[in-house]
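K.L.:
Read off the chains here:
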Amino acid sequence: MTAVDLVKLIPWLPALAAVYCGLAAVDRRLSKAAGWVCVASIFAAFALTVGVFTDATPGVFDNDKHAAQHEATIQLVADEANDHADDHAGHDDHAHGEAKSRPGELVSHTVTFLPWIRVAGLQANIAYFIDPLTLIMMLVITGVGGLIATYAVGYMAHDAGYARFFMAVSLFIFAMLHLVMADNLILLYLGWEGVGLCSYLLIGHYYKHKVAVDAAKKAFIVNRIGDLGFALGIFLIYNELGSVRFDDILPAAQAIVEGRVDAPAALMFAPFLLMLGAFGKSAQLPLSVWLPDAMSGPTPVSALVHAATMVTAGVYLVARLTPVFQIAPGAMETVALIGALTALYAATIALCSNDLKGVFAYSTISQLGFMFIGVAVLSVGGVFHLVTHAFFKALLFLAAGSVMHALAGSLDIRTMSGLGKRMPVTAGLMFVGCLALAGFPFTAGFFSKDLILGDAIALGLAQQGAWWALLAGGVGLLAAFLTAFYTFRLWFLVFLGPEKFVMGRGTGDNQREPMSDLEAAMIDVAEEEAHEIEAHGGHHATEPHEMPMWPMNLPLVLLAIASVIGGFVLHKVGVKYIDKMLEHSSQFMATPYPDHAYLLGMDAHLAVAIISSIIAIAGIALAYLCFGLNRDLGRSLGAATRPIGYVFEHGYFLDAIYAKLIVLPLRLKAFLLTAFDTLVIDWIVRLVGLIPVGLGLAMHRSQRGHLQGYGIGMIAGIAIFIFILYVATVA
Amino acid sequence: MIGALPPMPALAVALSEAALGHFLTTGAILFVLGLIGFVTRRNLIVMFLCTEMMFQGVVVSLIAFSVYHGNVTGQTFVIFVLTIAAAEAALALGLVVMLFRRRRTLDAEAWATLHD
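Those protein sequence lines, which keep their order, are chains A and B. First residue of the first sequence? That's 35 in the working numbering, and the numbers climb one at a time after it. First residue of the second sequence? That's 2 in the working numbering, and the numbers climb one at a time after it.
Source of the hints: derived by calculation from the structure; they are not laboratory data. Some hints here could point you the wrong way.
Unchecked claim - Computed far set for chain B versus chain A, every beta-carbon distance over 10 Å: (1) Ser17; (2) Leu50; (3) Arg103.
Said to hold, decoys possible - Pulled a few chain B residues facing chain A out of the computed Cβ check, cut under 7 Å: (4) Phe39; (5) Val40; (6) Ala109; (7) Ala113.
We put the beta carbon where it would ideally sit given N, CA and C, even for glycine.
When you get a sec, could you build the whole thing from the sequences and use the hints?
P.N.:
Right under this line is the structure:
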């Protein structure tokens, strides 16, 4: 057993915590420790991941590329599971003229935990596929997840479902780790559905409120549509390639992409089916409608599940199966264009949303669109943005949670103003998060977003017929401008200006109408917590206040630091960690990271970086002008663009369209089927039941209890029988 | 298995077809008398005796056929029937005594209410 084999323990630590928290949910005496057990298990998983990191990435960070490759090859030869992965070493230099260097060899290990399914040709074990992409995901899930869980210990402290919440969180981390560590599509699907289930449980955490229950169901049902495609994609891959293991699929797909093997025609559909699953999970158009509603879960859930980790599973899937996606012409193009469309769609909605969490929810959808552009144009930026986005979006959500907590459930940013004086730390933290989200130069979001847009535009310029990449990059730039604007619109509105706030459940003249059912539910939740605090002899605040440093603000400080320097450290200093790692992952197996074209007389990346810096600063400046300096300007801008703002505010009426186009016909169908069931089927069944009843009614007179009567009946019966026999034989 | 058995010993006396007819008529008369008795009488013991009489009618027919065909199977069967009739008589009379103790009568109509 080598050090790498320790990875098989990593997902099971949160599983143990989930068992403990599950018990704690039943027995209140254990409840107090539940949060910390969950946090400890996640950080232990993080520590283990860091511990095996060097052993799991041999040669990846070697500056000498050839030495790195040599070692990687040795690693692969030593690893019996990966015996196909290295056959293309060496001849790629000639195959791809635009290659900057030889493609990074896949560095991977397969660690088996338990044998699982072995039926006919199908083999799927509970085994873990560890390549640099997996490691990145594991670090994000356990690292950011641990910080969010720490914050949640404070945030959920007065919630009645404290232990239940942490059970679901532990279970979520368990499932999410299986999703990213799975060595075959079946186990990946299991993790995929597992996170879906945990998402359902966590969105519906406040199950007494209808809005939360409805949102949970919506998330689950919308994801079913995507997952159907995903499942069909897995079936198709198994049918065409004969295996569900990455060790078999990836080299097979690579061979097809490199033209060494002809692709089965049916395999062309696989990427499109898988894409459906990815779009469902990552809330891309047209399956984006569930994510904004998912905000009815507790805020740490929004940060963990619906911003940092679970929703990025779709991006992970595309990155993991990049060679498979490259098989079908048009697949990557579709991913990029859907990503760009979604980025713009969600950014415009976020412009006009007045819901504190809603803005960030749409912003998440928008940023996921960026990530899809990134993975589609074969940029390191896709997964890089996933990482930086996890940092700053978790930070933003948690800071938003602090604001909401301080205002007893308020979500309407129109009722908030000048909170910066009351909550200076939160304001500062959120400012940092907003800078990173807006892509302010040299923050984490700047580097990653830039890499995506730069690679997209560079690809569009360098390659004939890659108009789609150029289009995606251009749309991305527009969305980036909108992002900077809406992010700072929110920040300036909430934290600057004259102090004004409305507590969730005000008294006297401070009464208010909730903006939405969601806000009403959140206000109810805050009130329940206030009762809980009073019941324990404390007194709840009636005015906004800063959150305690521990355990709530400290994790945010760490996330803020990562949001500022994360991009620089990962991408610029040292050996360009993220680039190096991804080049040795399955993402660049078939095609090396492309060389860059020139734009405006300079390297496309530099040009795009300058453009997007200007865009980000312009967006922030415009937001400051309209919502910081002179709010009348913002109001008149809103009034001037009222018609289009109305469309944005209602999310392009997508929910209403779905309600009319899909939900209504389905309800109608359900109604008709119910009517058929009760009127036709039920009556047929009842008629069948009536037959014996009628027979009984007709016959019961013959049963009089006279022994002689029965005797006569018997004799008569025999006589008839004999008569029939006689007639049959003689006549 | 049947084929493995030794052949049945042939019986010394053989019946003519006319004699068989007489025996069968006797059996049928016994049977029908028992039947009529069973249907018309209401005393449980008499009814029971009538069923025994029907048995005897059948038994006579069986023996007649056995002798006619020169085959002992029928007579073997009669031994079984008599044994079972004896066991059944013990049981049935016990039941009749029980029923009599309940209702203090042997009338079969006394039990006609059992049908509900």
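K.L.:
Each of the hints needs a verdict: does it hold here or not?
P.N.:
Status of each hint after checking the structure:
1. Ser17: holds, 24 Å
2. Leu50: holds, 14 Å
3. Arg103: holds, 15 Å
4. Phe39: holds, 6 Å
5. Val40: holds, 5 Å
6. Ala109: Interface hint status for Ala109(B): holds (5 Å vs cutoff 7 Å).
7. Ala113: holds, 4 Å
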